[in-house]
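Numbered as in the working numbering, the first sequence ends at 343 without a single skipped number.
Careful: at least some of the hints might be erroneous.
Stated by the list, open to error - Cut-off 25 Å, straight-line C-alpha distance, at most; resulting in silico cross-link-like pairs (DSS-like, lysine-lysine):
id, residue 1, residue 2
1, K28, K68
2, K221, K192
3, K297, K249
4, K9, K192
5, K265, K249
6, K218, K158
Keep in mind that the hints were calculated from the coordinates and are not lab data.
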Amino acid sequence: MSFSQEILKWYHQNKRELPWRNTKDPYKIWLSEIILQQTRVVQGTPYYHKFLEAFPTVHDLASAPEEKVLKLWQGLGYYSRARNLHATAQMVVNEWNGEFPQTYKGLKSLKGIGDYTASAIASICFNIPEPVVDGNVYRVLARYYGVDMPINSSEGIKHFKELARKVMDVDDARDYNQGIMEFGAMQCAPKKPYCMLCPLQESCVALKDNKVDILPIKLNKTKTRTRYFNYMVFLDSNKNTLLEQRTGKGIWQNLYQFPLLESEKEIHEKELTQHLDDGFPSRVSLSVYNETPVVHKLSHQHLYTRFWIIETKELLSDGISWEQLVEFPVPVLIADFIQTFKI
DNA sequence: AAATCGGGGGT
DNA sequence: ACCCCAGATTT
1 MSFSQEILKW YHQNKRELPW RNTKDPYKIW LSEIILQQTR VVQGTPYYHK
51 FLEAFPTVHD LASAPEEKVL KLWQGLGYYS RARNLHATAQ MVVNEWNGEF
101 PQTYKGLKSL KGIGDYTASA IASICFNIPE PVVDGNVYRV LARYYGVDMP
151 INSSEGIKHF KELARKVMDV DDARDYNQGI MEFGAMQCAP KKPYCMLCPL
201 QESCVALKDN KVDILPIKLN KTKTRTRYFN YMVFLDSNKN TLLEQRTGKG
251 IWQNLYQFPL LESEKEIHEK ELTQHLDDGF PSRVSLSVYN ETPVVHKLSH
301 QHLYTRFWII ETKELLSDGI SWEQLVEFPV PVLIADFIQT FKI
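Using the sequences provided together with the hints, build the complete structure.
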């Protein structure tokens, strides 16, 4: 039996029942695919349900304020996905008459839909024979065909895409694509794959050559940057505080946070006092909430964070009540503090 | 071609 | 610590 037929057979016998498995609705498939980019099924599934409940149709999503979309996305990370999700919903409504494009090229023209996601939607919704190449597919193909080309090199990306296209089932792209991904997730797992009961064990090159544990090859470990964040939690006599929105480039675009003073290293109270002398509300007290910084770890940044509590003399003109805080989309770092801090 | 962009879970 | 996750976009 061919590789693709083994994959299809395995899939039909072993597939999980997932919330988006039994629909071909492009809106739902698109939503699930965006949520699942670089995200595990268990982490993304609650968000899939939340979004469908809040936005049953692409029109509902398109007409919502971005802030509401970001709030629902809070905690999932890679927030450009949420901004692009919103923008694409508006493009579908305004430029595609409310219907998702039904070609690979048309899908790929939408924001946040790249090579993988265009192939996924095209195949799952319309059975178009475009091969998906996600992290699971790289692993399955690298092992089964014994390919040691780095999966994150330009040559590797091109080679694996061509290989994926060559070995796919063009007549059942819908189930084949989902099958090879499911196979990679459940059977040909990154660590401790179940080779002893694998239906492809007879013909797997990596298993034969004892290279299962080194394939796929991946280069470039990104070095992490260390940053020092000092969040200024202002409080007036009405227990109101201040928030600012992160704009421009960098992490957490368009999310909210307390006014931030970033520094080269940990600062003393005196340095914060000097910073507060200019353009900030006059204060009656200043104290550090956590002497030991909270280390918030992103994939490429370590944020050493301290929160400073600043009681102000005057009422804050743009003050936000503590109860209102939960309405704003904020990074997990801020959400954790809000939950911990009791006035 | 390389860097950037989150958060969570496994080892 | 490091790796991975139904990747896309910017530099």
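Any hints this thing doesn't respect? Which numbers, in order? Going through the list in order, the structure violates no hint and respects every one.
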